[in-house]
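Student: Residue-level listing of the chains:
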Amino acid sequence: MSLTPHLSTPISSSSSAFLAYSNFNSRTKNVSLPAKRFGICKCVTAAPQEAQTAYKTTVSRNANMAKLQAGYLFPEISRRRAAHLLKYPDAQVISLGIGDTTEPIPEVITSAMEKRSRALSTLEGYSGYGAEQGEKVLRAAIASTFYRDLGIEEDDIFVSDGAKCDLSRLQVVFGANVTIAVQDPSYPVYVDSSVIMGQTGLFQKDDQKFEGIEYMKCTPENGFFPDLSSVSRTDIIFFCSPNNPTGAAATREQLTQLVKFAKDNGSIIVYDSAYAMYASEDLPHSIFEIPGAKEVAIETSSFSKYAGFTGVRLGWTAVPKQLLFSDGSPVAKDFNRIVCTCFNGASNIAQAGGLACLSPEGLKAMHEVIGFYKENTDIIVETFNSLGFNVYGGKNAPYVWVHFPGRSSWDVFSEILEKTHVVTTPGSGFGPAGEGFIRVSAFGHRSNVLEACKRFKQLYK
Amino acid sequence: MLYSQLSSRICVPSAVSLQPRTTWTSSNFSNEKSGMTGHCTSVPRNANMEKLRSGYLFPEISRHELEHNQKCPHARLIRLGIGDTTEPIPDIITSAMAEHAHALSTVQGYRGYGAEQGNMALRRAIAETFYRDLGVKENEIFVSDGAQCDISRLQMLLGSNVSVAVQDPSYPAYIDSSVIVGQAGKFQEETGKYENIVYMKCGPENNFFPDLSSTSRTDIIFFCSPNNPTGYAASRQQLKQLVEFAKANGSIIIFDSAYSTYISDESPRSIFEIPGAKEVAIEVSSFSKFAGFTGVRLGWTVVPEDLMYANGFPVMKDYDRIVCTCFNGASSVAQAGGLACLSEEGYRALSGVVDYYRGNAEIIVDTFSSLGLKVNGGRNAPYVWVRFPGYSSWDIFREILDKTHIVTVPGRGFGPGGEEYIRVSAFGHRECILEASRRLKNLYK
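If you're matching them up, the sequences are chains V and Y in order.
Take the first sequence: its letter number 338 is residue 338 in the working numbering, and every next letter is one higher.
Take the second sequence: its letter number 35 is residue 35 in the working numbering, and every next letter is one higher.
For reference, chain Y alone in the conformation it holds in the complex (with noise of 0.2 Å):
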């Protein structure tokens, strides 16, 4: 059953027609390992697939939703789970998008391949709104077409040979580009980890900021503040001390500081705001849920020209290869809405719609805390994580969707540090995040 039949039914934007996610069951194809029927190749699978648990996670909870619509085919379905961005983009921002498509209809505005680093206005744009008086320049700025595609060309940059931290709970892309890459070495059924991968637990013994005195050296540091999905962002103290920790260990940090955006005090936006980050990070940020370009795709990484190898060799040089050999750009018409993005009415409409967020994060917040549940994030971010002590995650993933009809997703899918937790986003048009908020009130009492 397609999601377009059901969209008078979900809570979610018309517009969208949401597919099945296809499901590669054994079942799916008649060539299975033990009764093949057709040709196999005699090429080999790559191993470092093979040592991926299941799907990605977010695909996953796709499915769960997809099952549970076919359940229950007449339950209005609240989607807070995928951190999917519901509302509708600033006129300003997409007027632009459109002048520039239809440009490219003409002899004067036609443009074909674009730099692969990214149109330099928008760069330049980009320096000036994110990294005023941080030193960061236009030609340290990588446009591309968003974080996650971000992450794993720096991993294609990094190989196979270093070794990699993250935090736990963390978004998923980093443990999974790391055993794709071969970094990871093999999953451990008992703890819930990759044998290579450091995890810095971050909970609630830690206030979410690792102990970087127990914490072994690794080669990386991937680092998301504010973090998805705990929601909490680090202190000036902290990032300081994120920052010595590396240059004692010769590490480099990969900063995602893709939700920037929803800080809300006085917490830093950027890894370069603390004196000597240059010289031992990487910043990866998105326009996703700051000017909901989910759908449009835009991002961009800052990769410091005084970032060198332990040979001298500048990681800048060979990022940028990646992204000559391996890309071709961010779409020139994304590019376009970029930079209306951060001109002075763009940014302020899209402030606008960034408070809507934090809204409804309130919302959420303190439907949870009146319900006598610890609640953590909501406050610098778009999610909150809600500890439910001495359960399961996923149990409550279920219990929640079963009987509420809302989408969150299970923390343990983060990683063994969010077992117990559950991460609820606040993507949403503010009478769903409300009826949510009745129904969990409901559930919970």
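Pulled out of the complex, with its shape left as it was, chain V reads as follows (with noise of 0.2 Å):
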């Protein structure tokens, strides 16, 4: 381990002074940082000198960790933003940055958690370990919500705090030796969870990839799906669909020749659907649409975009039963073991608000606010398209991609920020085929969307 060649300038010269920076708490409004600026660069990170004189344990690193490039992607963007306000204290600084929801979570649902709370503080309502895959009604009402006529079950689904977190609970039962495909871009995790269990090989500067991971490159030229003609076999494939973050919802078709795919190779898709509801309905919304799918797809899920639990923390992972290892071992009951081990359940509050969701009532409030984000997203797309760009996604999911071609998305993410006081992410931040493109979540307040419409007008025009 050593600084990472890439940098100019280290963020700081020895350990302490570095780690008395609030960097860590990477979404709290008012951080202190040094207003250093950064050159033109990747996300920053900067590993301390070593304290000659400190005592040092005689353990060794885990190399899978040094092998990781720079923070998390996302905490990077929320530290850009700290020191952008820091410079600039008075600016209106709009966030489209980081895929969080703004919007109040319908009273159907927080009354039943406020119910299930205060039930809590009582003989008869009081429950303590829940089952680590979470409680049967919520199950059930999972199963019947999203997957009725699917063959996926109740006792199917595993409750969790979010699918973020399922990601590499997944990672775990699958182990070290294992090969994996990405969309080329894609959400981050997939890529760092495959980093830090020892799958991947070293980061390749020259093309900014890990080695050992295949890359399915999503262009503007293939319509973002994936030629599977020319990938490799893998032992897992991660597909996101809706997809973050170019936005693109794979077809009923495109679906089908990726699970002839998968089942050809003997290999197992890990299908995040987390923004399934922002699809149309005529595009699959679930991967088990498409027959044979239960027998090499694994689909995760989560209450974060629907409901707005980004901070409440609850999804799912169906592992369907006839989903098996080369020796024929069930990949649900590993799953199972590992929730058993590794997890205690999702937060039963949580979970009665989960319950609520899926109510009758509940469903209509989600739609309601997906609707509402998905009307930030047409205004977002038409002020793109209005300038002249050429701009993807939007329609089923609330990520926008614009292209600038020719430009490197690090250099138009500062620029958006420097002058419009408008926090984006990257696109090079989600794989080196994200490059020249920017993604700008739909999330927000209607005025804070239309304001930052405004001034991306400005800048553009």
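Heads up, some of the hints might be wrong.
[To be verified] Straight line, CA to CA, 25 Å or less: simulated DSS-like cross-link-like pairs of lysine-lysine:
1. V:K56 / Y:K137
2. V:K56 / Y:K240
3. Y:K247 / V:K56
No wet-lab data here; the hints were simulated from the structure.
Hints are included, so try docking the two chains, each in its own frame, into the full complex.
Tutor: As structure tokens, this is what we get:
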């Protein structure tokens, strides 16, 4: 481990000074950072120089951690935002970067959580440990709401504290000796968790990829669906649709191809459907709508972007009984073991909220909030279209993927931040094929989205 | 048969509707190894998962409970097995959670993603409540959804190439997570141990503190005090020894202090009470047994700034990376509850509940002592560790279950050093504890 070579200056020259930064509180509003300007660079991190006199254990650092190039993408965006705020303390910064929901949770849902909270202080209503796989009623509600007639049953559903956490638990199930493929660009957790688990080799600076990972390019040229005929076989294929960050939603035909590809190759698809409810009705919402998918796929999803549960923490993963490892043993058995050993269930209060989300009134309310964010997306799409940009996504997902051909996405990110005080996310943060793109997220109060669009129009007119 | 149908016959809070754990036997699946009719992927099963001997201990106990219920549907089961809290959470805390939930439905009160490391006010409150004057700073505290989850995150952090020592007996998550991550090597039937794990025996012969002079060096040392399952709380002198041992060996202690609020004497409540510990230890703790948050899910881990790998890299920085990448923060509702737990009124109310469970423990200790059995623990922890010399702990577990309808945990489930012992947990309504006491006296008189 040493200082990452592409840095021009480390953030700090001593470990304690570095750690004294409130960097780690990346999402808080007021963070004190030194007013250092970063040059053109990617996610910055600094490895502190060795504290010469301080005691060190003789425990080796996990080599996999050392392979990671920088901090996780979104805390980095937060850091940039915080630094910008320091520079322009009076600026009205608008955050369309991290996909963080902004609208209040409908009362039908929060009152269920209130009720459950209060019940915990009564003799009849108190409950301790819940089933690690989730409360039975919630599992049943998820199965009947999202997987009715698809052959996914209550006991195939594992309730969790969110898709991000589930992805790492799945990686723990798979272990270090599997190969993975990801879309390029993709949600950074797939790659980062793979590195941490030891499934990859080193990062190669020339092509900005980790050795050992198969990157399936998704660009305007291929309609943001990978050319599977040129994809090498891997054990695991991460696939997100509607896609974060491109917003592309795969068609039934495309997913049928994907399932066939997985079947022919004996692979497992980890299908991320966190944005499924943003897709139009005629598009598949679950991989299990595709015949044969239960033998090749796992699906993970979340209440985060449907119910504003980004802070409440609730999601689920469906692992079909039919999904088997090469020795015939069921993947669900191992996932269950991980869930029982490395986890202890989602918060019972969050689960009570989840159940309310899936009541008829709750579903209606969720659809309304989703509709609201979709309107935001329309406004953003229209804005960039009117400015003559090539705009992708936005129809079936709360993300808009804007092309800035020939430009570095971090440069564009910085330019937009500097000149309009709007935070976005640079496409290269999602993979090399994200270079030249900016992701604009559609979560925000309507007034902020309108104001941001006004500023974009000013900047790029 | 669902437990919810039996709630009137079971000595548990009636809101609990237990589910039969899915039992994974090959007969559940038509695609057995021997006669596959469906598609098998060509993805190799993780070899580490194969090394696990059986299901995780506590779901196994649940399975036995369920089977017993099916066998004896009219029995009034008393659950002193899994350490599951039973008493309601004080109002001041649940109101805070209800208020936070309500606030989420308002424009001013809505919050989205929180900091993955936890809400700053809560981190500060944890530092002030548990680590005042110990030099632990709020930025060294990582709020989580519980100790079990944190242990696995720490294992992911450390990776497969570290060696591990555990107490024997110990909380099964340390060993199981070690196996899963690939640190443990193969299981050896003859010894009942994993070949690469160092087992530090804790028994009457050494007063339940390991003989460190005969313990091999490992990178990581898991240490739980007050101990689950033995109930033993290490003394200041002993923890000093442990810290010295770790320092001499360049090891990292992962100190599990989940039961520290049960200490009733002067035993240290945090490893950081020992000078020098910040350079060698990580501490994991939880609101579960302190606040009845077993279902609410809240805990924390302290990773000191001064804790460094051999190459000088701060452990905290990598842990932060794990927390930001593999986790997304504890539920904001749970955190609001946590903050209320640490208010003066909240803490006082919770101390009352802890005292209640302590009272239960005393009754259980007295019960077994009066029967002439060797009893350990129960004074500084909500677990009583009873010895049945010459007997298999699973046999005793089954006998107690069959004859008195009381669920306990066989000591062997915590490691080979647990053989001959039964762990009885002190969580339960007082009347259930008293009834259990009556039944046990009857059985063993």
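Student: Going through the earlier hints one by one, which of them does the structure break, listed in rising order?
Tutor: none
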